[in-house]
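J.: Now for the letters of each chain:
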Amino acid sequence: MTIPASPPCEAEAAICARGIIRDFEAGQTTIRVLHGIDAEIRSGEMTYVVGESGSGKTTLISIMCGILWPTAGEVKVFGTDIYKLSDTELVNFRLNNIGFIFQQYNLIPSIDAAANAAVPLIAKGMPVEEAREKAKVLLDKLNIGNQADKLPRQLSGGQQQRVAIARALVHEPRLVVCDEPTAALDARSGRRVMDLLREVAVAPDRACIIVTHDNRIFDLADRIIVLEDGRITHDGKEMPDGH
Amino acid sequence: MLWIAIRMLTGDAQKFYGLLFGIAFSTLLITQQMTIFVNLVQRGASGVFNAPEAEVWVMDPVSRTTDVSYAMPATALDKVRSVPGVEWAVPHLRAVANVRTAEGDLEGVAVIGVDDATLIGLPRRMAQGDKSVLFAPDAVAIDDTGAQRFFPAGASPIGARLELNDQRAVIRGIADAIPSFTSTVVLYTRYSNALNFVPGTRNRLSFVLVGVSEGQTPEQVADRIEAETGLKAKTRDEFAQAGIDFIIENTGIPTNFGITVFLGFVVGVAIVGLTFSLFIRDNIKQFGALKAIGVTNGKIVRMVAAQAGLVGMIGYALGVVGTVLFIYGFSANPFFKGFYIPWQVPLISLVAVVIILAITGLIAIRSVLRTEPAAVFR
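If you're matching them up, the sequences are chains A and B in order.
If you read the first sequence in the working numbering, its first letter stands for residue 1, the second for the next number, and so on.
If you read the second sequence in the working numbering, its first letter stands for residue 1, the second for the next number, and so on.
Hints should not be assumed to be uniformly reliable.
Dumping the calculated BS3-like pairs for lysine-lysine here, alpha-carbon to alpha-carbon at most 25 Å [unchecked claim]: (1) B/Lys-299 to A/Lys-134; (2) B/Lys-285 to A/Lys-124; (3) B/Lys-299 to A/Lys-124; (4) A/Lys-84 to B/Lys-299; (5) B/Lys-15 to A/Lys-150; (6) A/Lys-150 to B/Lys-285; (7) A/Lys-150 to A/Lys-136.
Stretch by stretch, here's where chain A covers chain B in the computed footprint (C-beta under 8 Å, at least three residues) [what the hints assert, rightly or not]: (8) 10-20; (9) 290-297; (10) 365-375.
If you are wondering where the hints come from, they were derived from the structure by calculation, not from laboratory data.
Every residue gets a Cβ at the ideal spot worked out from N, C-alpha and C, and that includes glycine.
Please model the complete structure; the sequences and the hints are all you need to start from.
T.: Here it is in structure tokens:
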């Protein structure tokens with residue numbers, strides 16, 4: 001099967017993915033998870049990538065944020081063809097440009113909330129205390145400044161998620177990637193988190209991608225990309241009928 | 001990132017202490033067993049160390065150590081004295097005898113006959129009494145280990161009479177001596193007395209102890225003695241080493257201690273390896289998240305190395321301190337008398353700890369390095 005030539009990216013696109021193919025080996029079988037995806041993510045927007053389990057949405061954002069190599073295709077993030085960078089350059093690119101919010105938060109259990117939020121700054125070489133102070137400002141903004149000295153196990157799930165959000169934003173990245181932020185929350189809490197994310201993560205010079213299949217929050221998106229069986233079936237402001 | 005690495009490790013108290021225990025236990029076992037081994041085999045040279053004035057030991061060519069010797073004719077002493085470079089030469093007798101204890105049992109003892117005039121051949125110090133007490137009739141000095149063994153605590157052996165090979169001997173002093181390899185009780189007496197106490201063959205002279213003239217080296221004099229008398233002559237260091245080598249070659253001690261040291265190493269690898277792997281497995285998501293965020297593999301390796309280094313340093317220090325306390329705690333026991341920790345032993349333990357941590361650290365880090373950052377999204 002030939003894949004049609006991809007159209008050029010918009011000049012202002014934060015992420016431009018062209019012809020993304022990703023295969024996985026399962027024993028002797030090769031499974032194609034993404035079938036030549038073309039996608040663009042713009043700054044200043046909260047873009048949802050939605051789809052059923054196994055549709056390829058996690059694989060797509062992993063490739064878009066430089067943590068999973070595509071089998072074929074090209075990904076430009078803020079104009080940089082990230083898979084043409086060396087391993088070290090790519091890691092440094094992620095550190096300088098991308099913030100991650102993981103579904104399980106993945107906070108380090110033995111350091112306090114401020115230090116957890118400060119991890120990207122510490123990784124960049126900032127002294128620990130200076131990084132913690134900077135992280136505390138952000139934790140204040142997220143209304144958990146008074147929890148800064150507590151270990152993750154001493155925090156509620158919602159508070160841990162705020163720490164994870166702070167960690168994703170503390171180094172002022174130009175791209176924020178958020179994986180299933182509302183998966184473990186009830187409807188009201190989920191909307192509150194999304195409001196918070198919109199407030200702190202969305203900015204004119206920052207792109208924000210959210211992977212979710214939580215239809216309770218679809219109305220909060222600026223743009224929704226729907227994936228089905230490794231292909232984009234919809235790209236628009238609202239969810240298509242029937243979803 | 002090293003700060004985070006250390007906090008990750010110390011924050012998991014169970015595994016942190018498990019790792020410390022593994023390293024400390026290994027270090028203790030390796031250091032303590034090697035210390036005992038070194039001190040024990042060095043006792044093969046205790047006879048040499050207990051006669052500090054002798055710079056050259058002269059003996060029959062078939063003699064091998066202070067305890068494995070073949071007697072020479074008395075004329076050997078004159079032959080040695082005639083060799084240029086020999087400042088002085090004195091007779092030295094070493095033999096075994098039986099003592100009847102207070103309980104009526106027989107106990108084997110070593111009798112050492114030292115020069116009648118100069119008392120050369122006695123240990124450097126006396127624990128009780130003066131060296132001159134040996135000038136009294138039938139006088140013997142018992143070594144301190146023997147005094148503890150023959151007499152109950154608090155009872156002074158001074159003045160006690162012994163039935164030594166059916167002869168009367170009176171303990172007049174206690175010598176501060178390094179125990180022999182077999183911890184045999186040693187009785188020091190004058191050479192002429194020793195000849196009476198220990199009946200034997202025509203030739204009775206075990207060794208000739210030699211001091212070298214000024215400007216001569218013991219090696220030069222030993223070579224000259226061998227060339228001119230046909231006897232075997234060894235410098236003090238050579239003869240001490242011969243005693244140590246004899247123990248190593250003729251006993252199973254190196255094998256037994258070697259097995260224990262090896263087991264200490266294996267236990268260290270097992271405990272530390274298992275605990276370290278569990279620690280890494282428990283934190284694999286966090287390491288994955290760090291990799292996704294932008295922490296390079298190099299930094300991850302340094303983080304794990306810092307964790308291993310911290311555990312290694314503290315565990316090693318605990319193990320060495322444990323060995324010191326062990327040796328100190330048992331210093332009153334005659335078996336451990338004079339035990340010390342040679343500087344090479346902690347160094348070897350340190351190398352073992354580094355190898356343990358390198359092996360276990362490499363095994364543990366492999367799983368971290370293999371983890372794809374994308375795994376954190378799964």
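J.: In terms of beta carbon proximity below 8 Å, does the region 365-375 of chain B have 3 or more residues touching chain A?
T.: holds (count 3)
J.: Count the residues of the region 10-20 of chain B whose CB lies closer than 8 Å to any CB of chain A, then report whether that count reaches three.
T.: n = 3 at 8 Å, threshold three: holds.
J.: Within 25 Å, alpha carbon to alpha carbon, are B/Lys-299 and A/Lys-124?
T.: 11 Å, holds
J.: B/Lys-285 and A/Lys-124 were given as a pair; does the straight-line alpha-carbon distance stay at or below 25 Å?
T.: Holds. B/Lys-285 to A/Lys-124 sits at ~20 Å (cutoff 25 Å).
J.: A/Lys-150 and A/Lys-136 were given as a pair; does the straight-line alpha-carbon distance stay at or below 25 Å?
T.: 12 Å, holds
J.: Against the 25 Å threshold, does the CA-CA distance of B/Lys-299 and A/Lys-134 hold or violate the hint?
T.: 22 Å, holds
J.: Does A/Lys-150 pair with B/Lys-285 here, judged by a C-alpha cut-off of 25 Å?
T.: 21 Å, holds
J.: Quick one, are B/Lys-15 and A/Lys-150 close enough, alpha carbons at most 25 Å?
T.: Holds, at about 22 Å.
J.: Is the listed coverage of the region 290-297 of chain B by chain A valid when you require three or more residues with a beta carbon under 8 Å from a beta carbon of that chain?
T.: holds (count 8)
J.: Can the restraint linking A/Lys-84 and B/Lys-299 be considered satisfied, given a maximum Cα separation of 25 Å?
T.: 22 Å, holds
The structure meets every hint from the earlier list without exception.
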